[in-house]
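Asks: Here are the chains, one letter per residue:
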Amino acid sequence: MGMEGIGASVVRKEDKRFITGKGRYVDDIKMVGMTYAHFIRSPHAHAKVKSIDSSAAEAMPGVVAVLTGKQIVDDKVGNLICGWAITSKDGSPMKMGAWPAMAPETVRFVGQAVAVVIADSKNLARDAAEAVVVEYEELPAVADMPSALKPGAPQLHPEAPGNVVYDWHIGDEAAVGAAFSKAAHVVSLELTNNRLAPNAMEPRAAIADYDAAEEHFTLYTTSQNPHVARLVLSAFYNIAPEHKLRVIAPDVGGGFGSKIFIYPEEMVALWASKKVGRPVKWTGDRTEAFLTDAHGRDHISKAEMAFDADHKMLGLRVKTHANFGAYMSLFSSSVPTYLYATLLSGQYNIPAIYAEVMGVYTNTTPVDAYRGAGRPEASYLLERLVETAARQFKMDPAELRRKNFITQFPHQTPVIMAYDTGDFNASLDAAMKAIDYAGFPARKAAAKAQGKLRGIGLSCYIEACGIAPSKAVGSLGAGVGLWESAEIRVNPVGTIEVLTGSHSHGQGHETTFCQLIAERLGVPISQVSIVHGDTDKVQFGMGTYGSRSAAVGLTAILKAMEKVEAKAKKIAAHALEASEGDIVIENGEFKVTGTDKSIALPMVALAAYTAHNLPDGMEPGLKESAFYDPTNFTFPAGTYICELEVDEATGKTSFVNFVAADDFGRLINPMIVEGQVHGGLVQGIGQALLEHAIYDSNGQPVTASFMDYAMPRADDVPSFKLSHTTTLCPGNPLGVKGCGEAGAIGASAAVINAITDAIGNNKLEMPATPDRVWHAIHG
Amino acid sequence: MYETTYHRASSVDEAAALFSKGSDAKFLAGGHTLIPVMKQRLASPSDVIDIGKIKDLIGVQLSGDTLVIKAATTYYDIMTNADVKKAVPAIAHLTSVLGDPAVRARGTIGGSIANNDPAADFPAALISLGATVKTNKRSIAAEDFFKGLFTTALEDGEIITEVSFPVPEKAGYAKMRHPASRFALTGVFVTKTKGGDVRVAATGASQSGVMRVSAIEAALKSNWSASALDGVSVSASGLLSDIHGSADYRANLVKVMAQRAVQAAG
Amino acid sequence: MSTVKLTVNGKAVSAEVEDRTLLVHLLRDHLNLTGTHVGCDTSQCGACVVHIDGRAVKSCTVLAGQAAGANVTTIEGIARGDELHPMQAAFRDNHGLQCGYCTPGMIMSAIDIVHRHGGELDEATVREELEGNICRCTGYHNIVKAVLDAAGRMKVAQAAE
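Chains L, R and G, in that order, are what the protein sequence lines are. My numbering applies: residue 1 is where the first sequence begins, and numbers increase by one. My numbering applies: residue 1 is where the second sequence begins, and numbers increase by one. My numbering applies: residue 1 is where the third sequence begins, and numbers increase by one.
Bound-form chain L, shown alone (with noise of 0.2 Å):
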């Protein structure tokens, strides 16, 4: 390993933009003529919309337009598509209620857009929309799966009887029931995963820019995946054909899922953009954000798991609901099944598992992949259930999770999954010695003596990441392949620039991507660029999310990287006159070895672009690219532990430690790693202890802005202590495994287990408010 090559904890290339306000985001950039949108949301979860009269606001000064659904359903613009077909236990397809981009008849969650108003300013496009009357007809709303799923309850789509999506299921029924049969213990608990809203920081936004001479379409968007976006707008929106669509995601404040999926506001935008002929900007605000962004988690769930006499885990049964809101979202329904059932084994060996996975239509705001996705809902009810199960059989925790470890590898779960590596008593033991886990009796009593209630909770997690192997995904129902393209191109003058179809919005790959060239080549990172985040520049990329990035975005540089050094090598061995094999590369400088000939990158990459000698038959430049498949998911796991003190006055949490040990193959930039990691246990302690999007029973949100939606503070989050097993992915030549949601997979598992152990009672739902933990204790 050089200085900045991998493994190294190479500060940050993109910082000194952030750190100096220069960043460039999408509200940031300005256009000439740029007109800007203001959308009217339904104030109603389920209503008619009887009519809309905007004369009033045409008629104000600075007023472009105002747009309708009606009209956008007229110019043929595609409904919002998912792109996961689900196929359910009777073997129909899952049901699918139409989505046009603004409603034209009937609105099905609050902040479901009816109609836009483009003017000249931000302030007069929402003067404008107040003057916009709209005529509803409500109708009866549904809030929550219970209710959605009683008989005679509001219907949502008429396509879906019952509010039904899916009726799902996974595994052998049979064989669960037989391994119950012969249960020595069977332990069983109910819970409900809370609803979330992603919050990244920068709230979304979209520039649309039409030109009418090229009859092309320039798209500035909040993207996780670019590539995919034109795909979509494309292919199923009928916005342009893709060589008449450019989209550009710049700098992007935080994704975390929630700006993968394509949203009506962009493809308002590009509609009207079209239709006003000047650019429209729509920035979103935090309200906005709340109503619209796709929404994460919501399950309901009974779980069982069946014991022999010996403790060892014999069977599990699952029945899980899924809420997906109103609406299908881009990849929502795989979330809670091939995401979330798939990883129901957990770290164990668990013989039978069968799932069943309901999903269901409620007058929410529609629920998609959030952090995780699937597999924060898996690795939360199993690590309960298994901390239950302890406490059932009073046995130490780690103790029951060791006793039933996957050991030996590849291990093929009963639910698809098959784990290529692990070595889960590592982290164990790594995680157990880093919070001195034997004097925790000890602690306990120390703490109990002055009147402190203190608990100590584990998980051990693992996920399935590197998504995904195409051929794979495309049998279980996924209308995309999920491979990435790379493509490197060394510059007459020896410097390079890497094109990922990966994206970045805060996790750095301008500083780890360059990693692996120094790496390679041994050139200094400054040598390197990373260009991403646009259709135009870029040959083709599926983006960023499930950890992806480095298993499979870095993969493809490596492979294209591999051809490139060929490349050279021949030319350096036809400059050198020695032998192809005999070319080593060190330091910038391609040798003969065992000699002190040698030719630095600079002047072998001249000789590809001059091509005044190079070997017969080669064709100038120095420039390859790259599509690497996967052939397996990566499965990054660990153990944290969370020691924490409950105030019994006020049911207050404090945390004492927390402790994460993580196997995640190879590290490209611990440094890097680590604040992935950070950011993660921090959303799932969110989630645990403070985050909880809430309606109310008419489908009115209760928490659509930091005043009542509770995010993490600094002060309500601890300082980690983080440790690295490693065992490496035998999947991809790195050998790495993802890190970019792990955190958020495995906390809150941690939490909830550490103060139901403090406070002695086990019936205890998340976000763990002082509220509640203060009725658990007292009851």
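Please note that a few of the clues may not be correct.
Claimed, not checked - Where chain R lies over chain L, by a calculated footprint (3+ residues, C-beta under 8 Å):
(1) 646-654
(2) 706-720
(3) 768-774
To be verified - Only pairs whose alpha carbons sit at most 27 Å apart, straight line, appear in this in silico BS3-like list of lysine-lysine:
(4) L:Lys95 / L:Lys471
(5) G:Lys145 / L:Lys433
(6) G:Lys11 / L:Lys16
(7) L:Lys22 / G:Lys145
(8) L:Lys652 / L:Lys444
(9) G:Lys145 / L:Lys16
(10) L:Lys623 / L:Lys244
(11) G:Lys5 / R:Lys21
(12) R:Lys134 / R:Lys55
(13) L:Lys122 / R:Lys26
(14) G:Lys145 / L:Lys652
(15) L:Lys302 / L:Lys95
(16) L:Lys570 / L:Lys591
(17) G:Lys11 / L:Lys30
(18) G:Lys5 / R:Lys39
(19) G:Lys11 / R:Lys53
Derived from the structure by calculation, the hints contain no laboratory data. Yeah, the Cβ is synthetic: ideal placement off N, Cα and C, and Gly gets one too.
Assemble chains R and G onto chain L, guided by the hints.
Replies: For chains R and G alone, kept in the frame of chain L given last:
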């Protein structure tokens, strides 16, 4: 927000005159109450009259047993003021846990009490300490000033000029922060006056805004100690109940925060 | 409409704005200082923090008119040429930022924290003082580290002056 007309007043008289000229004028000092409401388009004043830079409205004076805090003094200036720390450290503490540092740099005591948010911190201090609110027209005892949710005794165009606090023998404030807004989920201010009276006020708890807590006052009067409240029960009736705190939880907090405030008061 | 005159990052500036214009929009839309961000509508997140007359304030909760005559410093105004402010350098060196959106407000708040506390900072104080700045990426761990690191650097820098 809606368009408005901004004026900066250089004296209280000028501010009052500007107010009478506007059709629906509002005063603004730090702006940390009014501007958020205007941004949500829940207020649409024709005129906004900035009184935050009027010199006569800024500052703290301690004379004998009276601490006077001028209306447009920011929270930060209150919490760091030597006289406040000396005379009523509980006020310094209250301002140090009010909002966040950037809010404390702008928000003012006058703005806080004029709005009378049911979860604001300062109303509890005024009621407990038995403060007097002075305006450009009159003096109003704190008990008469706060009239329920977001309502005060202020008349149209009346400007708070200062708040005067009798220096107590002991006082303390304890607050459970609202996890999202950081207002008081429940905050309790306890005072033992130099005359031996005990006054306890809770904010964030009652459906009708800041309230006296007589059960706790009675217990503390006979025994000024946290343990004196162990057996006291606060009724949940009439208390706020929302996603962050049920009424019975808030009733518990009134007692627990009172105990902690007594401990802080010494 | 009013003409608002003030000093921003040491330069006298003037802009013709509607009276309802917030300082953050004056900076972003009229002066093209887009480093100051808007992350919420309720004065909670702190992405918009700038210094007015040396104090960290939320520029989304200040009318442009209120800032008339004031000395405003934004994230663009704290480096000396190519030399980063010690707080900027500490954020970079400690990986105290990821997506960068909250970062300008964080840095402006953090400088104010160090100014107010001097060398008296510890982790608990920094966490308490960062209450008005929300970050969704970093989990605050490295931000806290950065502020503590910068406090030391700023003390050294001050001593050297």
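Asks: Which of the numbered hints above does this structure break?
Replies: Per hint list: zero violations.
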